[in-house]
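Given chain A's structure and the hints, the job is docking chain B onto it.
There are 2 protein chains.
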Amino acid sequence: MSAVRLALAQTNPVVGDISGNLDACFLEVKNAEAAGAQLVVFGEMVATGYPIEDLASKPSFVASVEEAISEFAKRLETNGLGHLFVVIGHPALAQGERELNFWALSQNLASVIHDGRVIATYAKHHLPNYSVFDEYRNFVPGETLTTFEAGGLKFALAICEDIWQAGGPVSEIAANGVDVTLVLNGSPFETGKRNTRIELIADLAKKQRTAVCYTNLVGGQDDLVFDGDSLVVDATGTQVARAKRFESDLLVVDIENKNEISGRQEQSSESELEEIWNALVLGLRDYAVKNSFRSVVLGLSGGIDSAVCAALAVDALGKDAVFGVKMPSAYSSEHSISDADDLASRLGINIRSAPIESAFDLFESELGLDGLAAENIQARIRGLILMAISNAENHLTLTTGNKTELSVGYSTIYGDSVGGFAPIKDVKKTLVWELARWRNEKAESQSQVSPIPENSISKPPSAELRPGQVDQDSLPEYDILDDILDQYIQRMLGRDEIIASGYATDLVDRIITLVDRAEWKRRQGAIGTKISGMAFGRDRRLPITNKSSARRN
Amino acid sequence: MSAVRLALAQTNPVVGDISGNLDACFLEVKNAEAAGAQLVVFGEMVATGYPIEDLASKPSFVASVEEAISEFAKRLETNGLGHLFVVIGHPALAQGERELNFWALSQNLASVIHDGRVIATYAKHHLPNYSVFDEYRNFVPGETLTTFEAGGLKFALAICEDIWQAGGPVSEIAANGVDVTLVLNGSPFETGKRNTRIELIADLAKKQRTAVCYTNLVGGQDDLVFDGDSLVVDATGTQVARAKRFESDLLVVDIENKNEISGRQEQSSESELEEIWNALVLGLRDYAVKNSFRSVVLGLSGGIDSAVCAALAVDALGKDAVFGVKMPSAYSSEHSISDADDLASRLGINIRSAPIESAFDLFESELGLDGLAAENIQARIRGLILMAISNAENHLTLTTGNKTELSVGYSTIYGDSVGGFAPIKDVKKTLVWELARWRNEKAESQSQVSPIPENSISKPPSAELRPGQVDQDSLPEYDILDDILDQYIQRMLGRDEIIASGYATDLVDRIITLVDRAEWKRRQGAIGTKISGMAFGRDRRLPITNKSSARRN
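Protein chains in written order, with the working numbering: chain A, 1 to 553; chain B, 1 to 553.
Warning: the hint list may mix true and false statements.
Pairs count within a copy or across copies, as identical chains cannot be separated in the list.
List of simulated lysine to any residue pairs, SDA-like, C-alpha gap at most 25 angstroms [unchecked claim]:
#  : residue 1 : residue 2
1  : Lys521    : Ala321
2  : Lys244    : Arg5
3  : Lys521    : Arg540
4  : Lys74     : Arg552
5  : Lys521    : Leu317
6  : Lys521    : Glu393
7  : Lys74     : Asp496
8  : Lys521    : Met534
9  : Lys521    : Arg541
10 : Lys442    : Ala174
11 : Lys319    : Leu367
12 : Lys244    : Glu270
13 : Lys521    : Arg294
14 : Lys521    : Gly409
15 : Lys319    : Ser445
16 : Lys154    : Glu270
17 : Lys154    : Asn176
18 : Lys521    : Arg538
19 : Lys30     : Glu393
20 : Lys207    : Leu372
Think of the hints as simulated: they come from the structure by calculation, not from any bench.
Here chain A stands alone, though its shape is the one from the complex (with noise of 0.2 angstroms):
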């Protein structure tokens, strides 16, 4: 009888960062064998992080990774650890002919290293090339599935996107006898995409009669949140294992024989709710870390989106790193104040006030502007006021405009636009609502006090820069708003299409018209965290120059 005692290890690296990538690793490995472990498995391309993109058409960069793979195995080695069989992913510069695509110059690679020594490699197939992915563009797909031995079992890989498309080298792996399939992945979080990937991993088991092992990195980059969440399923497609979700994890498994394996199950059946606000959370604080950054500056109105950006920054960052400010105007409401203040006091964090209202006074007398001219100046006064601050005080500045308002423009470009990173950038209006009763509900549930105060969550939405204005004054009601921005956005679906649902013609031209109108101040906006099927960002791609809507196509 065979035995193999395997680690999954969902480790959290930084793009770049080869050596703080792989001594992060290197200390993975020796946790692994203090556990006993023969077999460590890492993350699709763990030793860069992930996603590279341009990167990886970089000879020197490339180069250094396949430098760095070299002594990382000697190293191990050197340290005792020669011993294990660790599959690792890497980038490396492609051999021989590259018909299909010249700008390509690397293939993303899974590396067994064993004695000292690189022993076998796979190269990805399918490269996805759609969505926030380009990596036709970046990498040379591999053709050949690639197996190993080790402890009596016969081990296959796979990279992500190989499960998740039809055919290819994944396709062999039943006729090549595979006793566990180690697939790396860098998967990143999407709402509702979870079971899709369970799904696929145990429909990957029956199909191909062979245990897999999913590893998956966490951590967030840039706009993307891997969500860990690593899992190791019998051939019979039966869940045997599962790491944590959200936070770096080491899973170890006792594997007897395809069927028989062994290991920890955490148990993580978050709400949808749950799994989002977790999702930003993450994203938010490996944005700040990993960029250096040890606090916030944000401006708090007293309203939702900016309760819920301050509520989220705490739980990425704890209370101390938060920075508010309040920056009333003669147009700001007296509760626009005392939400701001209540806020503070309930989360704990650092607040001040910087009133606008001297310097909108001397921009109005100097430069003579009323109308939207004016209501703007505030908006960038108040931008100013934040970057200054945060210059200043080296906060990163956060931006706290929702999904729904960055859909139709509805913000001041260079004002309450500004900022390094937007946390609920692609979360719509109607879910910040329900995101804000879920974290309350859920300090209340731990006797907590709830963080967002109920009147920024029930009082009318307003930008409050002139007299009594409210949202719904130039918008239709935001549950009617989201589901039209929902078909024309998310599904891309066209006017008529939206019309034939059931809302009325000028409505629906109108909300498309602002949607594509608002494409330049998009394209200069902060990133933030995407959770949904269709982030704005490199997740959809237009024109800023576009007719489309214009002519009603």
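For chain B alone, kept in the frame of chain A given last:
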């Protein structure tokens, strides 16, 4: 003997404006018929404009194009133009299986219209998925050569990238006994690309023993400029006709056989500086016009960048459409004001003054800041003023940053970076000076007033954000800086390679760290015309969170 009169219709479509584009095509077919042509060839995707990016993945949009093409064919026939052969580029939904790439749902087609219907169709085979292009994301490749006969000659079809890469249907042209290959193109301008393009066309002619009619689009679309320059070579590879560059044109040629073709030869042998200038003018003009702006506003600092942008804007839109704003501070030199006035008077543009001193004093006293934070406040007050004027008077705001400055982050985000379009975004500082000198010399050679004040060209560049500041306080000389940046950005060389080229280690480390750290700012920057082989934007895709330079890779 056969003889066909053929017209290459070099037109300027607007992305998404299907009806407007096809109306323009209809007029060109009429013009071609009036000129006696039997066959008309348009550019790639002329019906929708190009590139349409993810509009190609929107079923309702693509379906409406297909419908519009059918109607266009009928309209030609109804108007007595059905006897012509009209070759037109457009997308259509792909038929059948799409194994390779499930995201792509359409094809990039060339359709031959005759007698009121489409009689032949070719689908682009080679899909560029590098540089600014994402065609593998959006299109399904075609696999077969399409030929048709007209006027006793045999024609083949090809689309743009098909002639830039080896293999594919184009390689079967000679074997099919083709007389003339019609190539539909959306080939954007890049400095030095023109000769490569001409060589490729001549190579195709010689290798496949075919005459080649190469029709390019013309005009600006966001960051791309299509330079026209359509041309015809006979089967020996000899150029026999050539259209205008940087403007619409209808080039009519008479084809006796593949070796006997005659037509108009536009003289067009611009210097490199002249072609760059023309590309920048067209890119700026079309961005403004296609987005319904009649005028632009920009800050005039007395420096070279704003002077060149103002001169470009005058060449693009006329002097009455250009609004300059002086925004002097306490640190502004005497010449910053006098040089701006001199520029405005040379160009004949509108100019006004909006001093920032009182606003700056107010913010400084309220916020109590100094150093970088205070410097940035000045730039942000200027940004606020420009945007206020833009909002009030409906001008497109131009941001005047050059490529060198964007590379190293030597600008204030939400300050001097505000604007919808960045005319010299892809022009490095040393080239800005060359363009200024070239433009002045051109004016002098035509006995006109040289537009750019000599003092703006010759004085040491300064942001004037503190007393006596010049750029070289914090940056190396621009010729050195531009060379290092060229190695790091354009040529994608690594740190060690740049050091090996002869620069000091600490200088190289400092510069490449500046470049990587400024990625978040560039991501929020305005678009601007691409003129180089590696422009910022979708041409160069790198993560914001990226430790590769910090780790010296």
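Hints versus structure:
1. Taking CA atoms no more than 25 angstroms apart as the test, Lys521 paired with Ala321 passes between copies only; the shortest distance there is 23 angstroms, against 29 angstroms inside one copy.
2. Taking identical chains as interchangeable, the C-alpha atoms of Lys244 and Arg5 lie at most 25 angstroms apart only when both belong to the same chain, with a minimum of 19 angstroms there against 71 angstroms between chains.
3. When the C-alpha separation of Lys521 and Arg540 is checked against a cutoff of 25 angstroms, the pair qualifies both within a copy, at 14 angstroms, and between copies, at 20 angstroms.
4. In this homomeric assembly, Lys74 and Arg552 come within 25 angstroms of each other (Cα to Cα) only across copies, at 22 angstroms, whereas the closest approach inside a single copy is 63 angstroms.
5. In this assembly of identical chains, Lys521 and Leu317 lie within 25 angstroms of each other by CA distance solely across copies; the values are 23 angstroms between and 29 angstroms within a copy.
6. Within a single copy, Lys521 and Glu393 get their C-alpha atoms only as close as 27 angstroms, which misses the 25 angstroms cut-off; across copies the closest is 19 angstroms, which meets it.
7. Proximity of Lys74 and Asp496 under a CA criterion of 25 angstroms is satisfied inter-copy only: 24 angstroms between copies versus 63 angstroms inside one chain copy.
8. Taking the shortest Cα distances, Lys521 and Met534 sit within 25 angstroms of each other both inside one copy (17 angstroms) and across copies (23 angstroms).
9. In this homomeric assembly, Lys521 and Arg541 come within 25 angstroms of each other (Cα to Cα) both inside a single copy, at 14 angstroms, and across copies, at 19 angstroms.
10. Taking the shortest Cα distances, Lys442 and Ala174 never come within 25 angstroms of each other, neither inside one copy (46 angstroms) nor across copies (72 angstroms).
11. In this assembly of identical chains, Lys319 and Leu367 lie within 25 angstroms of each other by CA distance solely across copies; the values are 23 angstroms between and 40 angstroms within a copy.
12. Only within a single protomer do Lys244 and Glu270 lie at most 25 angstroms apart by alpha-carbon distance; the minimum there is 12 angstroms, versus 63 angstroms between protomers.
13. In this homomeric assembly, Lys521 and Arg294 come within 25 angstroms of each other (Cα to Cα) only across copies, at 19 angstroms, whereas the closest approach inside a single copy is 28 angstroms.
14. Proximity of Lys521 and Gly409 under a CA criterion of 25 angstroms is satisfied in both settings, with 7 angstroms inside one chain copy and 20 angstroms between copies.
15. Taking the shortest alpha-carbon separations for Lys319 and Ser445, only the intra-copy value of 20 angstroms comes in at or below 25 angstroms, while the best inter-copy value is 67 angstroms.
16. For a Cα distance limit of 25 angstroms, the shortest separation of Lys154 from Glu270 qualifies neither inside one copy, at 35 angstroms, nor across copies, at 65 angstroms.
17. When the C-alpha separation of Lys154 and Asn176 is checked against a cutoff of 25 angstroms, the pair qualifies only within one copy, where the shortest distance is 9 angstroms, while the shortest distance between copies is 52 angstroms.
18. Taking the shortest Cα distances, Lys521 and Arg538 sit within 25 angstroms of each other both inside one copy (15 angstroms) and across copies (16 angstroms).
19. Proximity of Lys30 and Glu393 under a CA criterion of 25 angstroms is satisfied in neither setting, with 40 angstroms inside one chain copy and 66 angstroms between copies.
20. Within a single copy, Lys207 and Leu372 get their C-alpha atoms no closer than 61 angstroms, and across copies no closer than 61 angstroms, so neither meets the 25 angstroms cut-off.
Hints 10, 16, 19 and 20, counting from the list given before, are not met by this structure.
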